[in-house]
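Mind docking chain B on chain A? Use the hints.
Chain by chain, the residues run as shown.
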Amino acid sequence: QSALTQPASVSGSPGQSITISCSGTSSDIGTYNYVSWYQHHPGKAPKLMIYDVTKRPSGVSNRFSGSKSGNTAALTIFGLQAEDEAVYYCSSYTSRSTYVVFGGGTKLTVL
Amino acid sequence: QVQLVQSGAEVRKPGASVKVSCKASGYSFTGYYMHWVRQAPGHGPEWMGWINPNSGGTNYPQRFQGRVSMTRDTSIRTVYLEVSRLMSDDTAVYYCARGTVVTSGAYIYHGLDVWGQGTTVTVS
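Listed in order, the protein sequences are those of chains A and B. This note's numbering applies: residue 1 is where the first sequence begins, and numbers increase by one. This note's numbering applies: residue 112 is where the second sequence begins, and numbers increase by one.
These are computed hints drawn from the structure, not numbers from a lab. Please note: incorrect hints may appear among the correct ones.
Partner residues aside, some chain B positions facing chain A, computed with beta carbon under 10 Å [stated by the list, open to error]: (1) Q150; (2) P172; (3) D201; (4) Y218; (5) Y220.
C-beta: ideal position from N, C-alpha, C; glycine also.
In isolation and in its complexed conformation, chain A is listed as follows (with noise of 0.2 Å):
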């Protein structure tokens, strides 16, 4: 069972919105703004999308997003396309001894 909880799956057609959530407490996401997201296609090396909440690294579309509020992160992804299908992490620092956590994955179907 992951620390931080994301629902196992999300759907959406192409050129909509969709947002998945990664609830966690107060020992991470709730106080630390070190929140990270990654996709994953299968077969692939993850990668990362948003870190420290809100910020993209280099070469990552601005059609992702994320943002926090409370002990809950969420990824935004506006206008889906066909090849954002894959299965997206949450990661977070948290003062307990695990160091970093990590959710349990939402699969992505894009209709």
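Chain B in isolation, oriented as in the chain A frame:
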């Protein structure tokens, strides 16, 4: 370009050890922390720790202390993950991933920006 290339798949029996390598290229090897993350079938990723390639210092979560060892060889820009006393639950894909720039201060997690291709370890 920045790249991490890992060693190939491994099969081990329970109780054995495995050592996975991760060779870095395209950036200052000693300038960035290196993490190891694993993902077992049907589970989310699990953080296994980091190594400071400059000093060799490491940080492991409590559940892996005593069973996991991370080392590096700066001459060949390679970090290693060794897991001992393997159990079937250790069957997973193991990834190395680049972390934050090494500084004189405490480590801060800003995500993992470059990942290796993964190494499948099967314990059976």
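Against the structure, the hints come out as follows:
1. Q150: holds (9 Å)
2. P172: For P172 (chain B), the interface hint holds, since the closest Cβ of chain A sits about 5 Å away, which is under 10 Å.
3. D201: Check failed: Cβ of D201 (chain B) comes no nearer than 17 Å to chain A, outside 10 Å.
4. Y218: For Y218 (chain B), the interface hint holds, since the closest Cβ of chain A sits about 9 Å away, which is under 10 Å.
5. Y220: Holds, because the Cβ-Cβ distance from Y220 (chain B) to chain A comes to roughly 4 Å (cut-off 10 Å).
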